[in-house]
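K.L.:
Sequence:
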Amino acid sequence: MGRSPCCEKAHTNKGAWTKEEDDRLIAYIRSHGEGCWRSLPKAAGLLRCGKSCRLRWINYLRPDLKRGNFTEEEDELIIKLHSLLGNKWSLIAGRLPGRTDNEIKNYWNTHIRRKLLNRGIDPTTHRPMNETNCAQEITTISFGSGATAAVAVNMKEEQQEDEDHKMMMIKSSKYGYQETDEKITRGRNRGLCFACSLGLQNSKDCSCNSSNGTSSSNNGTSGYDFLGLKAGGVLDYRSLEMK
DNA sequence: AATGGATCCAACCGCATTAGG
DNA sequence: GCCTAATGCGGTTGGATCCAT
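Numbering-wise, the first sequence is residues 1 to 243 according to this note's numbering.
The hints are simulated quantities; they were obtained by calculation from the structure and are not laboratory data.
Keep in mind that the hints are not guaranteed to be accurate.
[Claimed, not checked] Under the rule of at most 27 Å between Cα atoms (straight-line distance), these lysine-lysine pairs were calculated in the DSS-like manner:
#, residue 1, residue 2
1, Lys115, Lys66
2, Lys80, Lys14
3, Lys105, Lys19
4, Lys51, Lys14
5, Lys42, Lys14
6, Lys80, Lys115
7, Lys66, Lys19
8, Lys105, Lys14
9, Lys105, Lys66
10, Lys80, Lys42
11, Lys105, Lys80
12, Lys115, Lys105
13, Lys105, Lys88
14, Lys88, Lys66
15, Lys80, Lys66
[Unchecked claim] Computed Cβ-Cβ distance ranges for the label pairs, DEER-style:
#, residue 1, residue 2, range
16, Gly35, Asp75, 17 to 23 Å
17, Ser31, Glu73, 32 to 38 Å
18, Leu61, His111, 22 to 28 Å
The C-beta atom is built at its ideal place from N, Cα and C for all residues, glycine as well.
When you get a sec, could you build the whole thing from the sequences and use the hints?
P.N.:
And the structure:
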């Protein structure tokens, strides 16, 4: 037999959490730690399903959460991460300490989408609206499982590119992917490392750091390690999650 | 002050993946 | 190895609040 049922849905509360419920949940997790969400409600004396407790804790009660408005820097980082990762809110949240995926998702849908639209940028494709029907520059990204298999993807149609981008995310999340030129040659980002393409020039993640006079985007041997991607290595998105 | 539309965001739902029995 | 519960994630919803008229 498998496991016992998830929760007695007939005897669980729904809707907004009360202060008392919050206090109970906080007190329980403080003394017992996170995890085992299924048994937590009963143990903590809460008439909630474990899923609801987990969500409440992660999105609202966690002590390390940063409350308050997003900064301009966070805005721009979210936009750039979204252009690379798509709607992978948990991955994006992993690069913004103190922010949750739900919070970022809400913020994206309420603020950033509009902000991009006002700039004339399609929030889905991150391209100027008036270019959406134009033929796109050829993009070549190689995927690989380990260091062997590689699939070149050449795209001209926006829709095709988006579909393939999704496939890239799916493949990369499962098997990792390898970029042949250690950079994504895509639109105006051509020639920049990942960090620079995200506006993080001269950061510790920037691989084309001018201070040492080298450009790893060409030499292929330096410590390119942005978003967990080592030089010549395989990006495993699972390693990006900061949980 | 009333009200109706717009906006925000916490919470729910359903699906996919992971892992225990 | 299969079945099923647990967990995690993204999309969506609905109530609360804000704002313009």
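K.L.:
For each hint, tell me whether it holds in the structure or not.
P.N.:
Each hint tested on the structure:
For the proposed pair Lys115 and Lys66, the alpha carbon gap of about 22 Å is at most 27 Å, so the pair holds. Between Lys80 and Lys14 the alpha-carbon distance is near 36 Å, which puts this suggested pair outside the 27 Å criterion. Between Lys105 and Lys19 the CA atoms are separated by roughly 25 Å; this keeps the pair inside 27 Å, and the hint holds. Of the pairs offered as hints, the one joining Lys51 and Lys14 holds, with about 11 Å between alpha carbons and a cut-off of 27 Å not exceeded.
For the hint linking Lys42 to Lys14, the alpha-carbon distance of about 15 Å falls within 27 Å, and the restraint holds. For a cut-off of 27 Å, the pair hint linking Lys80 to Lys115 stands: about 13 Å separates their Cα positions. Only pairs whose Cα atoms come within 27 Å are accepted, and Lys66 paired with Lys19 is accepted, the gap being roughly 20 Å. Taking the CA atoms of Lys105 and Lys14, the gap is near 22 Å; set against the 27 Å cutoff, the hint holds.
Proposed proximity of Lys105 and Lys66 is supported: the alpha carbons are some 15 Å apart, at most 27 Å. Distance restraint check for Lys80 and Lys42: the Cα-Cα separation of roughly 42 Å exceeds the 27 Å cut-off, and the hinted pair is therefore not satisfied. The straight-line distance between the Cα atoms of Lys105 and Lys80 is roughly 14 Å, inside the 27 Å bound, and the hint therefore holds. Taken as a hint, the Lys115 and Lys105 pair is honoured in the structure, with Cα atoms around 14 Å apart against an allowance of 27 Å.
Between Lys105 and Lys88 the CA atoms are separated by roughly 9 Å; this keeps the pair inside 27 Å, and the hint holds. With a C-alpha separation of about 20 Å, the suggested pair Lys88 and Lys66 falls inside the 27 Å cut-off, and the hint holds. Proposed proximity of Lys80 and Lys66 is supported: the alpha carbons are some 20 Å apart, at most 27 Å. Distance hint check for Gly35 and Asp75: the Cβ-Cβ separation is about 33 Å, which falls outside the suggested range of 17 to 23 Å.
About 37 Å separates the C-beta atoms of Ser31 and Glu73, a value consistent with the hinted range of 32 to 38 Å. Checked against the hint of 22 to 28 Å, the pair Leu61 and His111 passes, with Cβ atoms roughly 24 Å apart.
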